[in-house]
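**Q** Each chain, written out:
Number of protein chains: 2
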Amino acid sequence: MAVSWLPTLQGYQRDWLKADISAGIIVAVLIIPQSIAYAFLAGLPAETGLYAAMLPLLLYTLLGSSPTLAVGPVAIVSLMTLEALAPSAASGFSMPAMASVLALLVAAFMVLFYLVGLGRWTAFISHTVISAFTSAAAIVIVMNQLKHLSGLNIGRNGLFYQPVIELLTHFHQLVWPALALAALSIVILWLWPRLTQGTISKLGPLLVVTLGIISVQSGVLQVATVGAIPQGLPSLMLPALLLEQMTQLPWKQLLPSAAIIALIGYLESLSVATAMAIKSRSRLLPNQELLALGGANIAAALSQGYPVAGGFGRSMVNLNAGARSQLAAVVTALSVAIVCLFLADWFSDLPTSVLAAIIVMAVVPLIDWRSGWQAWRYQKSDGVIWLITFAGVLLMNAESGIFLGILLSLGVYLKRTSEPHIAEVGRYQHSDHFRNVERHSVTTCPQLLLVRIDENLYFANSQLLDDFIQRRLQQSADVRHVVLIGSAINHIDFDGYESLRQLITRLNEQSIQLHLAEFKGPVMDQLQHSDLLKHLAPGQVFFSASDALRQLGGK
Amino acid sequence: MAVSWLPTLQGYQRDWLKADISAGIIVAVLIIPQSIAYAFLAGLPAETGLYAAMLPLLLYTLLGSSPTLAVGPVAIVSLMTLEALAPSAASGFSMPAMASVLALLVAAFMVLFYLVGLGRWTAFISHTVISAFTSAAAIVIVMNQLKHLSGLNIGRNGLFYQPVIELLTHFHQLVWPALALAALSIVILWLWPRLTQGTISKLGPLLVVTLGIISVQSGVLQVATVGAIPQGLPSLMLPALLLEQMTQLPWKQLLPSAAIIALIGYLESLSVATAMAIKSRSRLLPNQELLALGGANIAAALSQGYPVAGGFGRSMVNLNAGARSQLAAVVTALSVAIVCLFLADWFSDLPTSVLAAIIVMAVVPLIDWRSGWQAWRYQKSDGVIWLITFAGVLLMNAESGIFLGILLSLGVYLKRTSEPHIAEVGRYQHSDHFRNVERHSVTTCPQLLLVRIDENLYFANSQLLDDFIQRRLQQSADVRHVVLIGSAINHIDFDGYESLRQLITRLNEQSIQLHLAEFKGPVMDQLQHSDLLKHLAPGQVFFSASDALRQLGGK
Chain A
1 MAVSWLPTLQ GYQRDWLKAD ISAGIIVAVL IIPQSIAYAF LAGLPAETGL YAAMLPLLLY
61 TLLGSSPTLA VGPVAIVSLM TLEALAPSAA SGFSMPAMAS VLALLVAAFM VLFYLVGLGR
121 WTAFISHTVI SAFTSAAAIV IVMNQLKHLS GLNIGRNGLF YQPVIELLTH FHQLVWPALA
181 LAALSIVILW LWPRLTQGTI SKLGPLLVVT LGIISVQSGV LQVATVGAIP QGLPSLMLPA
241 LLLEQMTQLP WKQLLPSAAI IALIGYLESL SVATAMAIKS RSRLLPNQEL LALGGANIAA
301 ALSQGYPVAG GFGRSMVNLN AGARSQLAAV VTALSVAIVC LFLADWFSDL PTSVLAAIIV
361 MAVVPLIDWR SGWQAWRYQK SDGVIWLITF AGVLLMNAES GIFLGILLSL GVYLKRTSEP
421 HIAEVGRYQH SDHFRNVERH SVTTCPQLLL VRIDENLYFA NSQLLDDFIQ RRLQQSADVR
481 HVVLIGSAIN HIDFDGYESL RQLITRLNEQ SIQLHLAEFK GPVMDQLQHS DLLKHLAPGQ
541 VFFSASDALR QLGGK
Chain B
1 MAVSWLPTLQ GYQRDWLKAD ISAGIIVAVL IIPQSIAYAF LAGLPAETGL YAAMLPLLLY
61 TLLGSSPTLA VGPVAIVSLM TLEALAPSAA SGFSMPAMAS VLALLVAAFM VLFYLVGLGR
121 WTAFISHTVI SAFTSAAAIV IVMNQLKHLS GLNIGRNGLF YQPVIELLTH FHQLVWPALA
181 LAALSIVILW LWPRLTQGTI SKLGPLLVVT LGIISVQSGV LQVATVGAIP QGLPSLMLPA
241 LLLEQMTQLP WKQLLPSAAI IALIGYLESL SVATAMAIKS RSRLLPNQEL LALGGANIAA
301 ALSQGYPVAG GFGRSMVNLN AGARSQLAAV VTALSVAIVC LFLADWFSDL PTSVLAAIIV
361 MAVVPLIDWR SGWQAWRYQK SDGVIWLITF AGVLLMNAES GIFLGILLSL GVYLKRTSEP
421 HIAEVGRYQH SDHFRNVERH SVTTCPQLLL VRIDENLYFA NSQLLDDFIQ RRLQQSADVR
481 HVVLIGSAIN HIDFDGYESL RQLITRLNEQ SIQLHLAEFK GPVMDQLQHS DLLKHLAPGQ
541 VFFSASDALR QLGGK
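For the record, the sequence lines run as chains A and B.
All residue numbers for the first sequence refer to our numbering, where the first residue is 1 and numbers rise by one.
All residue numbers for the second sequence refer to our numbering, where the first residue is 1 and numbers rise by one.
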C-alpha cells in the first residue's frame, strides 16, 4: 500500500495560485458560521467547531488525493457526535475533552480500515441505505433544532417527533424575538442564493450571522446567544498527554460510535470527492482517503476539535470558485485562524436561533423522499429497505438504523441468489438460442433434458438444482441425458462442486448421464483443476447447447 | 402452512408391521447404551438420557415426515448442552432442571423458526462450515472423555488440548483398571462390526456395556460407575408447572445457546432425513420437520429429558433393519420404557470408562479431515473457511465457531460477487458467440465497445461497471456506441438501475450512446417497468450481441 504525499500539490502550476487563494477565502466565509453552527448541533462550544476547521484541513492536505474536498465539521457527523457523547455528558464528563477522544478513536478506526483495506468493503453499503439514513438523520437534526428556533427549553427525551409535540403544547411560552429572528434568517437564507449570483450568492450565512450579532449588540433583540468564545488559537496537546488524559475518561463506551462515525465520515467524504473527481476528470485514491481523513481527525483530536469529514456544500463551493489544489484549504485554515485570533469575541453575541436557522437550511436538502419513492417504484424490496433504514434511524438512532439497513440489504440480496431461476430450455425456432420451454414454443427431445440455472452455484442454492432435476425426471421416464447449461454461472464453490458430484452419482444410478454446455472459461478452469470432469465421464463438455442437442438428440 | 398429522402412518400397510417392530427393538438395543453415554457426555445423570429416548420419540411420530428418522440424545447436541449449562452448574443450579428448561427453549426456537420459515434460510450454512464444525466438535468430545477413559480427575479449564497435557503430566496417577476396560471396549467396538454381519453387528455397545457391568458386579474390577439410576418412568410435569419452575432459574442466559442448539439439531436431523429420503425415494417436508422436532423437545422438557435431535447412526440402523414408518420409533420408546421400569438398577453398575469408550467410538467417524482437505484443494477460500470454523470451535466454543464460519462464508461469497469479471468482447470467428478480446482473437469495431459483466448488477458492484467503461473509453477516442451484454445478469437492483441511468447520462455528455443486448426476459421486464428504457433512447435493445455488431458496426 504505497502512500503518495501531498498528492494535490505535485506538479503545482504558478497560475493556479490566484484561484486557490480566492477559493480558500470564499470557503472560509462559508465554513466559519457553519463550524460554529455544527459544533452547536453537536452540543459542543463554538470554538470546538472553529478549531476543527483549522489544523484538520492542513493534515488532510498532506495525504488527501482530492484537490477540492473541503474537510471540517459536517452535519451528520455532528449529530452522531451528539448521540455518542450523550451518555458521557449525562455522567458529568467534560464534553470537549470527550469530543477530542472521540476524534482520536475515529482516526484510529480510519487507519485500521485503511490497513485492512476496508475501503473496498464500503461498496456493501448501498446507496438506498445511505439515502434513507441521510434523510432520517436530517429530520432528527431539524427536530433537535426546534428548541433553538423557538427559544423554548425542550428536553431531548422521547421519540424523534417529541419536540413538535412540546412546541405545540408550550405554544404560550414561545420566545417571539428568537422565533422572528430565526424566521427572518430562514427567509434570507432561502432567498439570497436565488436573487444573487456567483461568489456573492454564498454569503447568505455570513449575512444572517452579521444581522443577528448586530441586532443583539445594538440591544434591539434580547435572545439566547452563543456566549463567550476564547480569543486565540487552540492549545496543542501532545499525543502522549492526550492518551494519558484519555485513560481518565470512559473512552471504551465510545468505541462502537467511533467505528460508525469513521465509516459514515469516510463514505460521505468519498461520495463528495468522487462526484467532484468525475466532474473535473481528476483521479481519486479511495483507500488513501481513509489515511488522509484519519490524519485530519488526529489533528482534530490534538487541537481541541471534534470529528471531521469532507462537506458537500463547501466542497462544491470550493470547486466552483476555481480551486485547483489543497492549497485552497491551507488558505481557508489560515483565514479561520485569523478569525479566531482577532474576531472570536465578536461572535459571542451570535444568537442561537440564527445558528439553528443555518443548520436547518443546510440539512433540509438532504431529505431525499424522491429516492425512497423511486426505490419503492423500481421494486418493493428496495423500497422496504429504504423505509426500514429510515424508520430505524428515526425510532432508534443513527448507528442502529444504518446497521439494520446494511444487514437487511445484504439479507435481501443473499435470499435472492439463494432462490435462483432454474428452467428447462429448448432450441428457439432454428436459431442457436435456447429459451424456457414454459415461455416459448421450442424444440426439445424426449431422451434429453436441457437445464439452465440463472445464478452462481454456491452453498445457498446448490441443493435446488438437484431438486429441480429430480422433479423433472419424475415426469418423463425417457430421459437418458441431462445437459446443464452454465452460461449464467460465474462461479462454483466447494458446496456447488460437491452437489454436482452427487448429482452425477445419483443420475448414474438411474442410468442417466450428465453433460455440461456453455460453461465459461474461468469456471471451466476451476472444474478442470478439480476431479469433476473425471467423475463426469463419459458425460461430455459441449461448447454450446446447440452442439449438445445435435449430438445427443440428433436435432 | 398446512400441517400433516401422523404423516408416516397414513396409508399404513399391514405387512409393514413385522419389520417396524423388529427395527424398533434393534434401535432400542442401540439407543439405550447411547442415551446413557450421551447424557453422561452432557454432564447429566444417566436417567436424563433414557427419558429423552422415550416421550420425544412419540411426539416426533405425530408430525415427523421421515419414516425412519430415529430421534433422541445425540453427540453434538449433548456437547452443546454441556457448554450451555456449564455457567448454571457453576452457580449451583440443578443441572437436570436446567436441561429441561433448555429443551423447552430449544423447542420454542424450533417453533419460532417454523413460523418465520427459517427452514429455507438454513441453506446459508454451507456444508463446508458444517463439516468443519462437526469435526472440531468431535475432537472436543474426545478430549472431554479422556478423563473418563483414564480414570483421572482432570479439570475442564484451559484450551481443548489441556486434557492431553494433564494426561501426560499425571501419567503416574492413571487408574489402570478403568483404562484397561476402556481399551478393551474400544477394541471390541472396533472389531465387532467388522467380524459380524446383519442385526448382530449392531450389538457392540450392548456387549461392552454388559461386559462392564458384569466385571463390576463380579468384583473383578474396581472402577467409577454411573451410580444409582431411579427405577421407573419419569414423572411428567405439567407445562404450567414447568414454566413456573423456569422463572426461578436463570433461563435468559440459555437463550443464545438454545437458538444455536435448535439450529444445529434441526440441521443434523434434516441432513440425516434427507439422505434417507433420497435412498428410499420418500418425500420429506423440511419445514414441518421443525415443528416435529420442536414437539419432540417439548416432550423432552416435560419428561425430565434434555434437548434431542435425529441421530445418524441409529437412523441408518433403523432404515437398514427395514423400518417402514414411525411405528418403529413407538416400539423403540416402549422398549426403553420397559428397561427403565425393570432394568434401571442393573445399569447403575455400568463403568464410566465403558461409556467414554462408546462415546469416543461414536464420534471419531465424525472427524472429516478429507472434506477439509478437498475443500482446500478445490479452492483456497473454501479451505480457509473450513480451517477457521474448525479452529473457532476448538479455541472458542461450538457456538462461536459455527457463527464465525457462517459469517465468513457469507463474506467470501459477497466479496466475490462484489468484484465481478468484466470483459470487453468481440465476435469469435464467424460464429454468433462473443468472447473476451484479451483471451481470443475476435472481430471488433473501433466505434463500438461491447462490454459483458459476469454478475448480477447490484449495490456492491454497480460502480465497477462504470469504472471499467470509463477506463476503456480513455484508451480509445473513436467509440460512439457502448453495448452492455446482459447474458450473465440475472437481476438488477435499485442501485444497479441508478448506476445504469448515471452511465447513460455520463456517456451522453461524451456524445456516446449506450445500448443493451442479450438481456434476459425477467430482467428486461423489470427495466421495462422502470423508466430506464426511456432514458436509454435513442439507445436500442438488441436480441443478441451479433445483431448489435451488425447494425451499429456494419459487421
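Some hints here could point you the wrong way.
[To be verified] Example chain B residues on the side facing chain A (calculated, C-beta under 8 Å, incomplete):
| id | residue |
| --- | --- |
| 1 | 256 |
| 2 | 413 |
| 3 | 418 |
| 4 | 458 |
| 5 | 490 |
| 6 | 491 |
| 7 | 498 |
| 8 | 522 |
| 9 | 525 |
[As the list claims (entries may be wrong)] In silico SDA-like cross-links for lysine to any residue, where the CA-CA straight-line distance does not exceed 20 Å:
| id | chain 1 | residue 1 | chain 2 | residue 2 |
| --- | --- | --- | --- | --- |
| 10 | B | 380 | B | 410 |
| 11 | B | 279 | A | 464 |
| 12 | A | 415 | B | 403 |
| 13 | A | 415 | B | 122 |
| 14 | A | 534 | B | 379 |
| 15 | B | 380 | A | 464 |
| 16 | B | 380 | A | 440 |
| 17 | A | 415 | B | 412 |
| 18 | A | 380 | B | 525 |
| 19 | A | 415 | B | 380 |
| 20 | B | 279 | A | 504 |
| 21 | B | 415 | A | 414 |
| 22 | A | 279 | B | 477 |
| 23 | B | 520 | A | 416 |
| 24 | B | 279 | A | 501 |
| 25 | A | 415 | B | 116 |
| 26 | A | 415 | B | 279 |
| 27 | A | 415 | B | 410 |
| 28 | A | 415 | B | 417 |
| 29 | A | 380 | B | 477 |
| 30 | A | 380 | B | 343 |
| 31 | A | 520 | B | 441 |
| 32 | A | 279 | B | 463 |
| 33 | A | 534 | B | 377 |
| 34 | B | 415 | A | 117 |
| 35 | A | 534 | B | 376 |
| 36 | A | 520 | B | 424 |
| 37 | A | 415 | B | 415 |
| 38 | B | 279 | A | 502 |
| 39 | B | 520 | A | 440 |
| 40 | B | 415 | A | 526 |
These aren't lab readings, by the way, just hints derived from the structure by calculation.
Since we're looking at a predicted model, the values are computed, not measured.
We put the beta carbon where it would ideally sit given N, CA and C, even for glycine.
**Q** Is residue 380/B within 20 Å of residue 464/A, Cα to Cα?
**A** Distance of about 25 Å is beyond 20 Å: violated.
**Q** Interface hint check: residue 522/B, Cβ to nearest Cβ on chain A, cutoff 8 Å. Holds or violated?
**A** 7 Å, holds
**Q** CA of residue 534/A to CA of residue 377/B, is that 20 Å or under?
**A** Roughly 16 Å between the alpha carbons, so the hint for residue 534/A and residue 377/B holds.
**Q** Take the C-alpha atoms of residue 520/B and residue 440/A, compute the straight-line distance between them, and say whether it is at most 20 Å.
**A** 13 Å, holds
**Q** With chain A as the partner, please determine if residue 525/B meets the hint condition of a C-beta pair closer than 8 Å.
**A** Hint on residue 525/B: violated, closest Cβ of chain A at ~11 Å, above 8 Å.
**Q** Does the alpha-carbon distance linking residue 520/A and residue 424/B stay inside the 20 Å limit?
**A** 15 Å, holds
**Q** Compare the distance between the alpha carbons of residue 279/B and residue 502/A with 20 Å, and conclude whether the hinted pair is satisfied.
**A** Holds, at roughly 13 Å.
**Q** Within 20 Å, alpha carbon to alpha carbon, are residue 415/A and residue 380/B?
**A** 25 Å, violated
**Q** Do the numbers back the hint for residue 490/B, that is, is its least Cβ distance to chain A under 8 Å?
**A** With Cβ-Cβ at 4 Å, under 8 Å, it holds.
**Q** For the hint on residue 491/B, does the least C-beta distance to chain A fall short of 8 Å?
**A** Holds: closest Cβ of chain A sits about 6 Å from residue 491/B, inside 8 Å.
**Q** Within a Cα-Cα threshold of 20 Å, do residue 380/A and residue 477/B meet the stated pairing?
**A** Distance of about 40 Å is beyond 20 Å: violated.
**Q** What's the verdict on residue 415/B and residue 526/A, does the C-alpha distance respect the 20 Å limit or exceed it?
**A** Given that 20 Å is the threshold and the Cα spacing comes to 18 Å, the pair holds.
In terms of the numbered hints stated before, the structure departs from hints 1, 9, 15, 16, 19, 26, 29, 30, listed from lowest to highest.
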